[in-house]
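Asker: Full structure from sequences and hints, please.
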Amino acid sequence: MSEFSCEFCKSEFKDKSNLQRHIKTSKKCLSKRTSTEYAKTESAETKSSETKSTETAETADYNRDDLLTKYNEALKELEEKKKELAYVKEEFIKLSKYKDRDNKKKVVYDVQMFCICGMLEFMRANNMRPILDETMTEQFKVNLDKFERDVTITITKKK
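So the number in the working numbering is just where the residue sits in the sequence shown, counting from 1, plus 48.
One or more hints might be untrue.
[What the hints assert, rightly or not] Below, simulated EDC-like cross-link-like pairs (lysine to aspartate or glutamate); rule was C-alpha separation at most 16 Å, straight line:
hint, residue 1, residue 2
1, K76, E55
2, K72, E60
3, K75, E55
4, K72, E55
5, K80, E55
6, K62, E51
7, K64, E51
Quick caveat, the hints were computed from the structure, so don't treat them as lab data.
Answerer: Here it is as C-alpha coordinates:
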(Lines of atoms letter the chains of each structure in order from A and count residues from 1; the text may use other names and numbers.)
(Lines give C-alpha, C1' and ligand atoms only; values in the text may rest on other atoms or scores of the structure.)
Protein backbone atom coordinates (compact mmCIF):
# COMPACT_ATOMS: atom_id res chain seq x y z
CA MET A 1 0.00 0.00 0.00
CA SER A 2 1.13 3.52 -0.69
CA GLU A 3 1.46 6.11 1.99
CA PHE A 4 0.92 9.30 -0.09
CA SER A 5 -1.66 10.11 -2.74
CA CYS A 6 -2.03 13.12 -5.02
CA GLU A 7 -5.05 15.16 -4.03
CA PHE A 8 -5.61 16.30 -7.63
CA CYS A 9 -5.32 13.11 -9.69
CA LYS A 10 -5.52 10.48 -6.92
CA SER A 11 -2.22 8.83 -7.93
CA GLU A 12 -0.45 7.00 -5.13
CA PHE A 13 3.22 7.27 -4.14
CA LYS A 14 5.52 5.48 -1.71
CA ASP A 15 7.18 8.58 -0.29
CA LYS A 16 6.58 12.29 0.02
CA SER A 17 9.41 13.40 -2.28
CA ASN A 18 7.94 11.43 -5.20
CA LEU A 19 4.53 12.99 -4.56
CA GLN A 20 6.02 16.53 -4.52
CA ARG A 21 7.99 15.83 -7.72
CA HIS A 22 4.78 14.53 -9.36
CA ILE A 23 2.77 17.65 -8.40
CA LYS A 24 5.53 19.97 -9.70
CA THR A 25 6.05 18.12 -13.00
CA SER A 26 2.62 16.82 -13.94
CA LYS A 27 0.89 19.50 -16.07
CA LYS A 28 -2.57 18.29 -15.09
CA CYS A 29 -1.87 18.38 -11.34
CA LEU A 30 0.12 21.62 -11.61
CA SER A 31 -2.75 23.46 -13.31
CA LYS A 32 -5.26 22.11 -10.76
CA ARG A 33 -2.98 23.07 -7.88
CA THR A 34 -2.51 26.58 -9.25
CA SER A 35 -6.27 27.11 -9.73
CA THR A 36 -6.98 25.73 -6.24
CA GLU A 37 -4.37 28.01 -4.65
CA TYR A 38 -5.79 30.95 -6.60
CA ALA A 39 -9.30 30.17 -5.37
CA LYS A 40 -8.09 29.88 -1.77
CA THR A 41 -6.21 33.17 -2.04
CA GLU A 42 -9.18 34.90 -3.62
CA SER A 43 -11.61 33.70 -0.95
CA ALA A 44 -9.20 34.82 1.79
CA GLU A 45 -8.88 38.27 0.16
CA THR A 46 -12.67 38.54 -0.17
CA LYS A 47 -13.13 37.70 3.50
CA SER A 48 -10.50 40.21 4.61
CA SER A 49 -11.96 42.98 2.42
CA GLU A 50 -15.45 42.28 3.81
CA THR A 51 -14.07 42.50 7.34
CA LYS A 52 -12.27 45.75 6.52
CA SER A 53 -15.37 47.31 4.96
CA THR A 54 -17.45 46.36 8.02
CA GLU A 55 -14.82 47.85 10.36
CA THR A 56 -14.64 50.99 8.22
CA ALA A 57 -18.41 51.42 8.29
CA GLU A 58 -18.50 51.01 12.08
CA THR A 59 -15.65 53.49 12.50
CA ALA A 60 -17.37 55.96 10.18
CA ASP A 61 -20.60 55.69 12.20
CA TYR A 62 -18.69 56.28 15.44
CA ASN A 63 -16.77 59.22 13.97
CA ARG A 64 -19.96 60.74 12.54
CA ASP A 65 -21.72 60.52 15.91
CA ASP A 66 -18.68 61.92 17.72
CA LEU A 67 -18.36 64.82 15.28
CA LEU A 68 -22.09 65.54 15.47
CA THR A 69 -21.88 65.71 19.27
CA LYS A 70 -18.88 68.07 19.12
CA TYR A 71 -20.65 70.21 16.51
CA ASN A 72 -23.77 70.54 18.67
CA GLU A 73 -21.67 71.46 21.72
CA ALA A 74 -19.81 74.09 19.70
CA LEU A 75 -23.13 75.54 18.47
CA LYS A 76 -24.41 75.84 22.05
CA GLU A 77 -21.18 77.54 23.12
CA LEU A 78 -21.42 79.94 20.20
CA GLU A 79 -25.01 80.85 21.07
CA GLU A 80 -23.99 81.58 24.67
CA LYS A 81 -21.13 83.80 23.50
CA LYS A 82 -23.44 85.64 21.10
CA LYS A 83 -25.87 86.36 23.96
CA GLU A 84 -23.04 87.58 26.19
CA LEU A 85 -21.63 89.77 23.42
CA ALA A 86 -25.08 91.25 22.76
CA TYR A 87 -25.33 92.09 26.47
CA VAL A 88 -21.88 93.66 26.46
CA LYS A 89 -22.77 95.71 23.39
CA GLU A 90 -25.99 96.95 25.05
CA GLU A 91 -24.13 97.86 28.23
CA PHE A 92 -21.43 99.61 26.27
CA ILE A 93 -23.96 101.68 24.34
CA LYS A 94 -25.69 102.63 27.62
CA LEU A 95 -22.40 103.48 29.29
CA SER A 96 -21.04 105.43 26.34
CA LYS A 97 -23.65 108.07 27.13
CA TYR A 98 -22.61 107.91 30.80
CA LYS A 99 -19.82 110.45 31.40
CA ASP A 100 -17.78 112.70 29.18
CA ARG A 101 -14.90 114.38 31.01
CA ASP A 102 -12.77 117.34 29.92
CA ASN A 103 -14.17 117.19 26.37
CA LYS A 104 -10.98 115.39 25.33
CA LYS A 105 -12.74 112.20 24.20
CA LYS A 106 -11.84 110.59 27.54
CA VAL A 107 -14.84 108.65 28.69
CA VAL A 108 -15.14 106.75 31.96
CA TYR A 109 -17.02 103.46 31.90
CA ASP A 110 -18.08 101.38 34.89
CA VAL A 111 -18.19 97.79 33.76
CA GLN A 112 -19.05 94.60 35.57
CA MET A 113 -16.04 92.30 35.84
CA PHE A 114 -17.49 89.37 33.90
CA CYS A 115 -17.93 91.35 30.68
CA ILE A 116 -14.62 93.24 30.56
CA CYS A 117 -13.03 90.99 27.95
CA GLY A 118 -16.01 91.31 25.62
CA MET A 119 -16.02 95.05 26.13
CA LEU A 120 -12.35 95.29 25.27
CA GLU A 121 -13.01 93.37 22.06
CA PHE A 122 -15.88 95.72 21.25
CA MET A 123 -13.65 98.71 21.91
CA ARG A 124 -10.90 97.26 19.75
CA ALA A 125 -13.40 96.82 16.91
CA ASN A 126 -14.41 100.50 17.27
CA ASN A 127 -10.81 101.81 17.40
CA MET A 128 -10.97 102.93 21.02
CA ARG A 129 -7.95 102.73 23.27
CA PRO A 130 -8.64 101.66 26.86
CA ILE A 131 -6.46 103.13 29.58
CA LEU A 132 -6.01 100.44 32.19
CA ASP A 133 -3.80 100.23 35.22
CA GLU A 134 -0.76 97.94 34.99
CA THR A 135 -2.39 94.93 36.64
CA MET A 136 -5.33 95.14 34.25
CA THR A 137 -3.06 95.38 31.22
CA GLU A 138 -1.15 92.29 32.33
CA GLN A 139 -4.28 90.38 33.26
CA PHE A 140 -6.06 90.92 29.95
CA LYS A 141 -2.97 91.11 27.73
CA VAL A 142 -4.38 94.09 25.88
CA ASN A 143 -2.44 95.43 22.92
CA LEU A 144 -3.04 99.13 23.48
CA ASP A 145 -1.40 100.26 20.23
CA LYS A 146 -4.40 99.11 18.19
CA PHE A 147 -6.70 101.73 19.71
CA GLU A 148 -7.12 105.29 18.52
CA ARG A 149 -9.40 106.88 21.13
CA ASP A 150 -8.43 107.02 24.79
CA VAL A 151 -11.01 105.42 27.04
CA THR A 152 -10.67 104.96 30.80
CA ILE A 153 -12.28 101.86 32.27
CA THR A 154 -13.10 101.45 35.92
CA ILE A 155 -14.21 97.99 36.92
CA THR A 156 -16.82 97.22 39.51
CA LYS A 157 -17.40 93.72 40.82
CA LYS A 158 -20.59 91.91 39.86
CA LYS A 159 -23.21 92.10 42.61
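Asker: Are the hints correct? Go through all of them and say.
Answerer: Consistency of the hints with the structure:
no. : hint      : in the structure
1   : K76 - E55 : holds (12 Å)
2   : K72 - E60 : holds (15 Å)
3   : K75 - E55 : holds (14 Å)
4   : K72 - E55 : holds (13 Å)
5   : K80 - E55 : holds (10 Å)
6   : K62 - E51 : holds (6 Å)
7   : K64 - E51 : holds (8 Å)
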